[in-house]
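J.: The residues making up each chain are set out below.
Protein chains: 2
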Amino acid sequence: MQKPSIPKGTRDFSPAEMQKRDYIFNTIRNVFKLYGFQSIETPAMETLNTLLGKYGDEGDKLLFKILNSGDFLKKADNEAYSNIDSPKFANSVSEKGLRYDLTVPFARYVVQNRNNITFPFKRYQIQPVWRADRPQKGRFREFYQCDADVIGSNSLLNELELIQIIDGVFDKLNLNIDIKLNNRKILSGIAEIIGKPELLIPITVAIDKLDKIGEEKVMQELSDKGLNNKDIETIRPVLFLKGKNEEILKSLRDVLAKSEIALSGIEEMEEIFALISNVSVKAKISLDLTLARGLNYYTGTIIEVQSLEANIGSICGGGRYDDLTGIFGLKDVSGVGISFGADRIYEVIKELNKFPTDNTESLAIMFTNFGKQEAKYCLPYLNQLRHSNIPAMIFPDSIKISKQLDYANKNNIPFVILAGESEMQNQTFTVKNMIEGTQKSVLANDLLTNLYK
Amino acid sequence: MQKPSIPKGTRDFSPAEMQKRDYIFNTIRNVFKLYGFQSIETPAMETLNTLLGKYGDEGDKLLFKILNSGDFLKKADNEAYSNIDSPKFANSVSEKGLRYDLTVPFARYVVQNRNNITFPFKRYQIQPVWRADRPQKGRFREFYQCDADVIGSNSLLNELELIQIIDGVFDKLNLNIDIKLNNRKILSGIAEIIGKPELLIPITVAIDKLDKIGEEKVMQELSDKGLNNKDIETIRPVLFLKGKNEEILKSLRDVLAKSEIALSGIEEMEEIFALISNVSVKAKISLDLTLARGLNYYTGTIIEVQSLEANIGSICGGGRYDDLTGIFGLKDVSGVGISFGADRIYEVIKELNKFPTDNTESLAIMFTNFGKQEAKYCLPYLNQLRHSNIPAMIFPDSIKISKQLDYANKNNIPFVILAGESEMQNQTFTVKNMIEGTQKSVLANDLLTNLYK
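Chains as they are written, first to last, in my numbering: chain Y, 308 to 760; chain Z, 308 to 760.
Incorrect hints may have been included.
It does not matter which identical chain is used: a pair holds within one copy or between any two.
[As the list claims (entries may be wrong)] With a Cα cut of at most 20 Å, we get these calculated DMTMM-like pairs of lysine to aspartate or glutamate:
{"id": "1", "residue 1": "K747", "residue 2": "E528"}
{"id": "2", "residue 1": "K310", "residue 2": "D630"}
{"id": "3", "residue 1": "K381", "residue 2": "D392"}
{"id": "4", "residue 1": "K679", "residue 2": "E577"}
{"id": "5", "residue 1": "K747", "residue 2": "D364"}
Don't read these hints as lab results, they were simulated from the structure.
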């Protein structure tokens, strides 16, 4: 007999886990809706045409590919087979792959449906994605992404709105966070003022390590990458600007005065901070020039969220991209979006013990089952509770009451109702409060009104 | 430039479609919860060990198989390759497949987690499944199933509960239905009383066609399958029992008196009808002896739901199975479950034009954008609405107002708020009711209280 198991890197979610996960997903979903975002869903499978080449060579390798149906070997690439060239062979027997993220399918959706979409298109999408990554702690082969994007608008009001969404979600989840902001144009400006725009990536990679390896080693790395002493002295002040966000931006204006693109990035940041001042935001908001995530991708604002209470890395991130749909033939459509990392958020809430303990949707009441007659006596009242929207059940089998109570305990059911012969005779119920360990008798007809008293 | 597309048999869901689908899923989910069912989720991918051999030969062919990662050709079956034996070759380069239904993964889950489950286990599961079926109208390669099962209890109270759930769901969806019930044991009894239990399947297949091909042809088919005239005369009365459910059962007791198994099935049905009489059920409930779905599978009660308003086949079905987890090594655990067909339910509601038109979760208010200053003027009030849980947005770009109004129209936003120079000066807003085509001026500070007046 085979021992049942699931593929490595995948997970089952038990009812207890689902309740916690739904708490996170529902919180995110409700805030998305509050801000006028509308949901879409795309298929788990996309054509390999859509997926390949969008995530770099490494990403291509991490795609789960689906074998063609039927006699797929008829079209197999014999040469690739002889050469044991698995990737090339795969392309001859597979035309579909599992979605790797929600962004590329979204871009594909927008282009495919562009005649039916009224722009700006504010969409959210909460669906699983799959990556053939090496599984390790906190990294899975199947996991959910929760994305919100606005496509077809250059306005920085969108950035404001996404920041408010982040603030709203984590406020509702009772988590303290730091929303870190940067702008790709400022980073480009830094490379520009030393006349080495081609070194943008190595420079930002080095700067990104400041917290981890310290000033001296960052400067060494910059030197290794081809910056001379003068370049390094020009850049150094940028990294050590201190003060309020507005003050840093003011100083940046001086240091990067010669770079037009930097000034445009600084102006965007100033505008975003000015917009934020019109609304109330509870989260800490920091301008962080070392923030360089997704640099191949983002063209303006860059956003990353860190927990102030748990050391777990980024729990949400995003930014603006000026030409996402270009890969599918729709040019010059700007977008900006964020993505919540539900698994990490789950870990933070668990670590901090901040999952809510009361849940109005969970099972509130269980009638015990003393036998067929007693069960029938309970049924109309059970029905009444459900009609009043109170989740309730009757234990289906008339087994030992201690076992039935055990079931109630293990399922965290707060109220158990006992109905034996004497209760039937007196038209009453005995209500057991499982949390306080008390019990009382109530008239059957008063059950609904007396239950919680 | 590639023209973007999705794999055949799969679908994108637009915001308008998602809203309707969520209405169906949420209705089903809420009723499941009300009856004390708890949700689980299982991975999209299962090992082929788990999937193969569970759905018959035809089912095996319809599994989507996933190519192993990395250098999968190293383990390829060269002999199968030479013989162009695609299925055999597939087994050497693929270890995982996409879930084909929710029942087998559920059975696998129960066995794998049996030490952590308190039985009876009442679980629901709403997730997509994938089948490499030939796509056709109403049949897709990716579709959602909505299942509720109780496992580990023989009590017929579970059948009652599932019938109540069906009744509750379709009542909330405002659909009129017929819940058809049968019992596998009665069908077995029919084959038994003519002494031909081995003909159970052909007999029920023939009986199942009564509505479509008529009495004469059914009798002909029965004769073709090996029933003699006496057999047919014995069976005939069974098919034409008329009257109330209780009356049919009474007559059945006489006709099938010699079959112990039939009597046991009749007794179960009587008990279920007696239980139903203790609760209020709005749906029509019919005993239907021609109901033979899932016969290889179900061992007791069989349930099928048909719309009384649309001719679309079964929109929900289920039954009791006595040994589902046996395939994974856990013997003698009885289960009973139902599955809602969300796609068909969607079609029925659409055909009958019964989707609700009011949706409190959809975007209610849009502020137009006359420019930067005007937008900033709006922001605190926009914020106030969201704090009051009213989904609202500001149009991000200050483009022509007619285009902004067009956006509001296309997104069915009922209220648009205009704030230009004069409104700013007077600290007011102009509120446009897009449905009635009226507009009024309100003090900015009274916006929230005056909006809907």
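J.: The structure should be examined with respect to each hint, and the outcome stated for every one.
T.: Against the structure, the hints come out as follows:
Neither within a single protomer nor between protomers do K747 and E528 lie at most 20 Å apart by alpha-carbon distance, with minima of 74 Å and 64 Å respectively. Taking identical chains as interchangeable, the C-alpha atoms of K310 and D630 lie at most 20 Å apart only when they sit on different chains, with a minimum of 17 Å there against 49 Å within one chain. Proximity of K381 to D392 under the C-alpha cut-off of 20 Å is found in both arrangements, the shortest distances being 18 Å within a copy and 9 Å between copies. Taking CA atoms no more than 20 Å apart as the test, K679 paired with E577 passes between copies only; the shortest distance there is 14 Å, against 72 Å inside one copy.
In this assembly of identical chains, K747 and D364 lie within 20 Å of each other by CA distance neither inside one copy nor across copies; the values are 68 Å within and 58 Å between.
In terms of the numbered hints stated before, the structure departs from hints 1, 5, listed from lowest to highest.
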